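Number of protein chains: 4
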Amino acid sequence: MLLNREFLNAVEFRNIEKGLAEILDLWKNGKFHISQEQEDCHAAIEQYLTEKYGSAGQKIHTGRSRNDQSLVMIRLYEIAQLKNITKLCKELVETWSKWIKKNGKTPMPGYTHMQKAMPTTVGAWQESYKNALEDAGGLVEAVIELLDQSPLGSGSGYGIPLDIDRKATAHELGFKKVQSNPIYCQLSRGLFEAQTLNAAVFIMTALSRWASDLLLFTTSEFGYFSLSAEFCTGSSIMPQKKNYDVFEIMRANLTVVQAAQFEVQQISGRLYSGYHRDLQLVKPPLVRGISVTLDTLETALVLAPQLQLNKEKLAASMTSELFATTKVYSNVKKGVAFRTAYDNVKRSIKRN
Amino acid sequence: MLLNREFLNAVEFRNIEKGLAEILDLWKNGKFHISQEQEDCHAAIEQYLTEKYGSAGQKIHTGRSRNDQSLVMIRLYEIAQLKNITKLCKELVETWSKWIKKNGKTPMPGYTHMQKAMPTTVGAWQESYKNALEDAGGLVEAVIELLDQSPLGSGSGYGIPLDIDRKATAHELGFKKVQSNPIYCQLSRGLFEAQTLNAAVFIMTALSRWASDLLLFTTSEFGYFSLSAEFCTGSSIMPQKKNYDVFEIMRANLTVVQAAQFEVQQISGRLYSGYHRDLQLVKPPLVRGISVTLDTLETALVLAPQLQLNKEKLAASMTSELFATTKVYSNVKKGVAFRTAYDNVKRSIKRN
Amino acid sequence: MLLNREFLNAVEFRNIEKGLAEILDLWKNGKFHISQEQEDCHAAIEQYLTEKYGSAGQKIHTGRSRNDQSLVMIRLYEIAQLKNITKLCKELVETWSKWIKKNGKTPMPGYTHMQKAMPTTVGAWQESYKNALEDAGGLVEAVIELLDQSPLGSGSGYGIPLDIDRKATAHELGFKKVQSNPIYCQLSRGLFEAQTLNAAVFIMTALSRWASDLLLFTTSEFGYFSLSAEFCTGSSIMPQKKNYDVFEIMRANLTVVQAAQFEVQQISGRLYSGYHRDLQLVKPPLVRGISVTLDTLETALVLAPQLQLNKEKLAASMTSELFATTKVYSNVKKGVAFRTAYDNVKRSIKRN
Amino acid sequence: MLLNREFLNAVEFRNIEKGLAEILDLWKNGKFHISQEQEDCHAAIEQYLTEKYGSAGQKIHTGRSRNDQSLVMIRLYEIAQLKNITKLCKELVETWSKWIKKNGKTPMPGYTHMQKAMPTTVGAWQESYKNALEDAGGLVEAVIELLDQSPLGSGSGYGIPLDIDRKATAHELGFKKVQSNPIYCQLSRGLFEAQTLNAAVFIMTALSRWASDLLLFTTSEFGYFSLSAEFCTGSSIMPQKKNYDVFEIMRANLTVVQAAQFEVQQISGRLYSGYHRDLQLVKPPLVRGISVTLDTLETALVLAPQLQLNKEKLAASMTSELFATTKVYSNVKKGVAFRTAYDNVKRSIKRN
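Residue numbers (our numbering), protein chains in the order written: chain U, 9 to 360; chain W, 9 to 360; chain E, 9 to 360; chain P, 9 to 360.
It is possible that part of the hints are untrue.
As the list makes no split between identical chains, a pair holds if one copy fits it or if it spans any two.
Calculated cross-link-like contacts (lysine to aspartate or glutamate; reagent style EDC-like; alpha-carbon spacing at most 20 angstroms) [as the list claims (entries may be wrong)]: (1) K184 / E99; (2) K185 / E142; (3) K342 / D171; (4) K110 / E135; (5) K95 / D171; (6) K291 / D303; (7) K109 / D173; (8) K335 / D171; (9) K354 / E238; (10) K109 / E14; (11) K342 / E14; (12) K98 / E142; (13) K354 / D303; (14) K113 / D253; (15) K36 / E25; (16) K60 / E25; (17) K95 / E142; (18) K341 / E99; (19) K358 / E238; (20) K321 / D253; (21) K184 / E25; (22) K342 / D173; (23) K250 / E142; (24) K291 / D253; (25) K354 / E45; (26) K291 / D173; (27) K250 / E135.
Just so you know, these hints were derived from the structure itself, not from any lab. Keep in mind the model is a prediction, meaning the values are calculated, not measured.
Just chain U, same shape as in the assembly:
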């Protein structure tokens, strides 16, 4: 764009291309260093180019600010990670589908208020989490749609007093459109990141509740499912122990992502318009929240196919009280009014 608009001449443009390739090469070999004084990669790159290629380096910051460069970088990172999250969700949906095909028809008690309620199947139970991840897709898409606008050229929040071509840079960076109002580019800091984390919280809630269920269903008292010993841990004083720590970490990871969302929301929530240094603190919770979500999805992918049914325990758990509602409805089918049928079954249970 700088070449097309003649802010760079052809020689400068080629020097920048060459210089950036050199820097990438140095970086890959661990030989490109950013000093404390340079503060960040943007200054280090400019300095390298200036020392080696003179005016090319001195012109590279034309039409931009460190501020909009950071905005671009964060947004590209988020979009890429949201796509990774979607990919892992789809793989997990696939994995669960296979598991359901194999194990799904085995009966299992359905619970309400932690008490036995009505019969269900391990397939119906597992499918509920599959459905949640499927629905997550639409939310993630809406967030990507929101983020898919280029802030490059918004400068420090008040544009660049130069005739730059924002459409061209948006297109080259792969953004769908330009985020035209530069003050809105700043306003969207934190606001957009909270949306990214909100989609992650939706997914993590499903995974955390799946893990909670499994922690209950792998107790010796319930005992419906198990994992082989290689996925479990022992204890430093209790030699008999087989613990499902991995589900506990998955359960708690939800909180890590929720706290990250909270942190991002609060940092940006009541600031005045325009950039504030506070907003730099959005990055750690954003990266933390995304990383934990990716890790948890990857862990779930490893564990999901390994989940074994304890068929005897499941069969023994299908006790008669689970069928009380079925009895009610078998009378409804014969024409008895629902309330009468319900009262009759209730009375017969109390008599026993």
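Given the structure of chain U, go ahead and fit chains W, E and P onto it with the hints provided.
Just chains W, E and P now, with coordinates in the frame of chain U:
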């Protein structure tokens, strides 16, 4: 549906229709009462119908549970309120557009780090909030899409052992589709409500930051904008006071909605699958969060057109330091490398 | 104080005394009304006194502001409620002590990672919660100590330009000392209320985890404890149900109080010094958080003595793996090194 | 203790002493490594001792669990850091006292609702924050009192089946008393850490609001205070910029500590009794919250004495409306009833 599937005969169906019309009429006249023992409207309606129409009343609970009835009710409430929120957002966007057309070109300092940065206009400032509300539209739509599935017939989370027609009831209630897995219906409690509130938080963040800006820009030190006295308050001991309380309430209201989102997320976050009474506590923060969002939008709609420019103050604020970057770029346009032009202007400022 | 400092004469003072007694009487009989225009009780009281007693009424606001009157009122409310909370905690500690004396020695499995770990007793389990409430005492005391300073006379945050006697009013209101810096009186808004709620969260965490344990231990799979049917609920479609909803509400109530603390922290967290209308929004979450804490304590007091042991289930649960560590240590007592003893027991378990 | 109770003989005891000294030495020289398989320092230490000193190493885990060792370590860390926090608070109080002595009498406008209210002084303003930090002392003390009980010997939450002397180890570790109930030791995980962070949030709220005030009072529009350029930053495109980033970071740091408190509260909030691996996730937010608090206090200590008054700006800001309440009260002193005096001044302002 119950008639079509022959769980009700034609007489029972007509009696229920009549009875429900009577109840609605009594309710409108303040004469339909729900007693402590009845717990909720569902029991009260059934009892009324049973006392007056016998078997019709005893059959009305066929194919449903109080549980899925509540789910339906909450979801219809949310969808309706999200549509109201969208409508108010659009009106506010319209109102701001008109205000921008009238006032937008007046210059105004742009700030970063709360210090004067570069020139902008009151229109660009106002437009940034307009853009945020426009983008909110996509998020709200995605939430409505998520919620638009009928839980009726999921019973207490394990379906109804009777051949009911869930598609028919979904259609009659105006839902796009059936939420087929009944365990997922329970899993979505809280999970979906957190999404509703998340969309509200996005909108409230924009409104709260708009209010924050206005609290700063209406101080006597900045003084760029004002409202007439009828929108302001006084003090019980300071006779000179003109306070912009209304913006303070708008600013703080964001926190109310964020706390509601937090409460909903936490209540449902780590429960086992299946219904738990904990989930009843989702309702107060949901209603609180939605009401505060609607109130704040309505307040903004009243205030937005009333915002007056103090043109002298604005003109006086356009001091020379705001134009330093313009000077840099006027030299860039003449062919000076950006970094050289920047350093020259910086040196000249220090000399003064 | 106003009389002693001669801002009121003796007649005016007597009229105010009389007038306030009349107002109290009217109030008790539901006959003292506060109109929309009066905004609050302070204005209504002044108007009543002025209409009936002239100058006495016009002088009653001398030396104060609605602002510091509200501060006083909130603080007295908090101190009183914290004392109520302490009283209820002590009663619950007493109740649990009696229960432990009666039931404490019955063996019970101790769990880690939700798996059987080592033997314990129902007494040791119950005592852990008792200890938590005992330790809460020190925290509540520290909060009362913090709050026990009189803001009266701080006006709207910048004092009153009149020679009032703040020590005298502090003493008459029962405060330990004067909060002398009036700007600090404003700074403590929200800051102090978050401390009140933090002490409540400590207590609620103990009660919520007690309720969580009981929800697990009353499942049919564990079955260690039960309550009689009068404390449980049924279902609208499952006639067999006995649900422990009351523990679910207790578990979820923690979240309500945490959300209240969060709301208060956030409202006051990043304001400028001096009063802001935002701070008025501190009241609803404060009252909500305190009320839920009091309700939950009162509920626990009703339930605690009713908790029944299912002795057969408890006896059957004391299976051999719980004693693996005991075996290790019985060898340690005979002189075997801990790690050798541990490895031996671990090997013997694996062989079986 | 193990020697006194004869679980170690004198030779073994000496070997352990020697071995631990060696390990410390290796550690200081960066030569003691913990491998992935060893998981933590406890296993690495045991293995080192066993390889070098045989039975001494195999006996070192006698009477403890990794679980209670971690609990001890966290608690000692918290107590030490809370004492550091107290020390820094005292230094800051001292620094502010000196600053007040030097600058305190300069008049300054007092604000409510961000509008000029009544006259105050820079000393009164600064003192309000000093008072907050002084009051923090009592809260921190109460938390230390709570934490000052030794969990060593509680094993994994159900004690050690061996006659160990918990009082002796508590005393040697510097704890005030034994936390006797081992299930309570587990219950206090997270619960106690949330208290540590809550005290930190109290302090951080004061620092964050101080920083907020300074961000407002260093704008060019207010301009009451300044820092010299070495504490400020510039911009990559605006050559004129002098930004107070350091106060923005301080303002935002409050959120980091609040999010840490939130994370800790939520992880431990609704778990069953007994240890869960979830609790391991308490450590990162605990350390993050404490570190940020210490950093912010140290930064405040550097900045506080550097804060310069802009006397002309301050003098010019003392405009007449600030004295309206003084006028009211000068008439009250002459015997005019407060409300009459107030109404008279209000009318005279409106006339102008």
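Quick check: which numbered hints come out false for this structure? The structure conflicts with hints 1, 5, 7, 10, 13, 14, 18, 20, 21, 23, 26 and 27, although it agrees with all the remaining ones.
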